[in-house]
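Start from the sequences and build out the full structure, keeping to the hints where you can.
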Amino acid sequence: MDADLTYDVANNKFPLVTTRKSFWKAAIAEFLGYLRGYDNAADFRALGARTWDANANDNETWLNNPVRKGKDDMGRVYGVQGRSWQKPDKSNLDQLQKIVDNLAKGLGDRGEILTFYNPGEFDLGCLRPCMHTHTFSLLGDTLFLTSYQRSCDVPLGLNFNQIQVFWFLAVMAQITGHKPGKAYHKIVNAHIYEDQIELMRDVQLKREPFDPPKLHISSEIKSLEDLETWVTMDDFSVKGYQHHDPIAYPFSV
35 MDADLTYDVA
45 NNKFPLVTTR
55 KSFWKAAIAE
65 FLGYLRGYDN
75 AADFRALGAR
85 TWDANANDNE
95 TWLNNPVRKG
105 KDDMGRVYGV
115 QGRSWQKPDK
125 SNLDQLQKIV
135 DNLAKGLGDR
145 GEILTFYNPG
155 EFDLGCLRPC
165 MHTHTFSLLG
175 DTLFLTSYQR
185 SCDVPLGLNF
195 NQIQVFWFLA
205 VMAQITGHKP
215 GKAYHKIVNA
225 HIYEDQIELM
235 RDVQLKREPF
245 DPPKLHISSE
255 IKSLEDLETW
265 VTMDDFSVKG
275 YQHHDPIAYP
285 FSV
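Heads up, the sequence shown is in my numbering, so the first residue is 35 and it goes up one at a time.
One should not assume that every hint holds.
[Said to hold, decoys possible] In the BS3-like style, the derived pairs of lysine-lysine whose C-alpha atoms are separated by at most 27 Å in a straight line are:
1) K256 / K216
2) K220 / K248
3) K248 / K216
4) K105 / K59
5) K59 / K216
6) K248 / K55
7) K256 / K103
8) K121 / K240
9) K256 / K139
10) K240 / K55
11) K216 / K55
12) K220 / K59
13) K248 / K59
14) K256 / K213
15) K240 / K256
16) K139 / K121
17) K240 / K213
18) K139 / K213
[What the hints assert, rightly or not] Derived Cβ-Cβ restraints for the label pairs, each shown as a range:
19) N45 / G211: 39 to 45 Å
20) H278 / D36: 25 to 31 Å
21) H278 / E228: 19 to 25 Å
22) G140 / T40: 20 to 26 Å
23) R235 / A138: 44 to 50 Å
24) N126 / S253: 29 to 35 Å
25) P100 / F285: 27 to 33 Å
26) I255 / S118: 19 to 25 Å
27) N93 / E242: 36 to 42 Å
28) D260 / R84: 22 to 28 Å
29) K124 / K103: 14 to 20 Å
To be clear, the hints were calculated from the coordinates, so they are not data collected in a lab. Where a beta carbon is used, it is the ideal one built from N, C-alpha and C, also for glycine.
What follows is the structure, encoded as structure tokens:
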């Protein structure tokens, strides 16, 4: 319970796991889809993330939900809440645009918060958010991020989320004209399932880690509009990634 992780974005120490091979592109692709407000698994696949295929199409509860619009529909989850949170008057609030606009002006009101967690609309989507809230803090010309996660499958999911937290701060600092500082990742329930313990204890934890690699973000990315329109995974690269062999952890439902 209560895991606190810190990532040194200022010195570009990319937290990509080295004690087994990890795949970073899908993690960034998924989060980019959130920032675009995608609500369809096909859009995520086009970016390079297949993480929503099962939740959109194989979840029996969601398949029987009358609000589901058909194949690949995810409903009002994650990025939909971040880009079009529905207000009481039925108008939509774009949380992300407000944050970007304020930070670009050098404003930090201690309320630069992006949240995907909307209990009133859980029944309108296929999945509750796990990493649900991101708070930006501006100190001088340095931007910091604190991200909150309610639940995490450590062997399979942690590195995915670590990559996303690091990337989110790095890219937000770039498009708002600030230096990135540190990213703080807070997890309430970080767990290892019983059928994963042996591989974690006897294999992964006995491997010597390599030095962290570096993440490169294209300098052509200069605005939220760029992220919304033309950016692809080709605009990101990782340098100096050394890793041990993959580990096939079982997935627990």
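Hints, one by one, checked against the model:
1. K256 / K216: Judged against 27 Å, a Cα distance of about 21 Å means the pair holds.
2. K220 / K248: holds (22 Å)
3. K248 / K216: Within the cut-off at roughly 15 Å; holds.
4. K105 / K59: holds (24 Å)
5. K59 / K216: holds (21 Å)
6. K248 / K55: The hint holds at about 15 Å.
7. K256 / K103: violated (34 Å)
8. K121 / K240: violated (51 Å)
9. K256 / K139: Since the Cα atoms of K256 and K139 sit roughly 14 Å apart, the hinted pair holds (cutoff 27 Å).
10. K240 / K55: This hinted pair holds, its Cα atoms lying about 15 Å apart.
11. K216 / K55: Given that 27 Å is the threshold and the Cα spacing comes to 24 Å, the pair holds.
12. K220 / K59: Measuring from Cα to Cα gives roughly 22 Å; hence the hint holds.
13. K248 / K59: Satisfied, since the Cα-Cα distance of roughly 14 Å is no more than 27 Å.
14. K256 / K213: It holds: about 14 Å lies between the C-alpha atoms, which stays within 27 Å.
15. K240 / K256: With a Cα-Cα distance of about 42 Å, the restraint between K240 and K256 is violated, given a limit of 27 Å.
16. K139 / K121: Distance of about 25 Å is within 27 Å: holds.
17. K240 / K213: Roughly 36 Å separates the two Cα atoms, so the pair is violated.
18. K139 / K213: holds (14 Å)
19. N45 / G211: 39 to 45 Å: violated (19 Å)
20. H278 / D36: 25 to 31 Å: Given a distance of about 29 Å, which is inside 25 to 31 Å, the answer is holds.
21. H278 / E228: 19 to 25 Å: For H278 and E228 the Cβ distance comes to about 23 Å; the hint holds.
22. G140 / T40: 20 to 26 Å: Since G140 and T40 have Cβ atoms about 25 Å apart, the given range 20 to 26 Å holds.
23. R235 / A138: 44 to 50 Å: Hint holds: Cβ distance 47 Å, inside 44 to 50 Å.
24. N126 / S253: 29 to 35 Å: holds (32 Å)
25. P100 / F285: 27 to 33 Å: At 29 Å between Cβs, range holds.
26. I255 / S118: 19 to 25 Å: holds (23 Å)
27. N93 / E242: 36 to 42 Å: holds (40 Å)
28. D260 / R84: 22 to 28 Å: holds (24 Å)
29. K124 / K103: 14 to 20 Å: holds (19 Å)
Consistency with the previously given hints fails for numbers 7, 8, 15, 17 and 19, ordered from lowest to highest.
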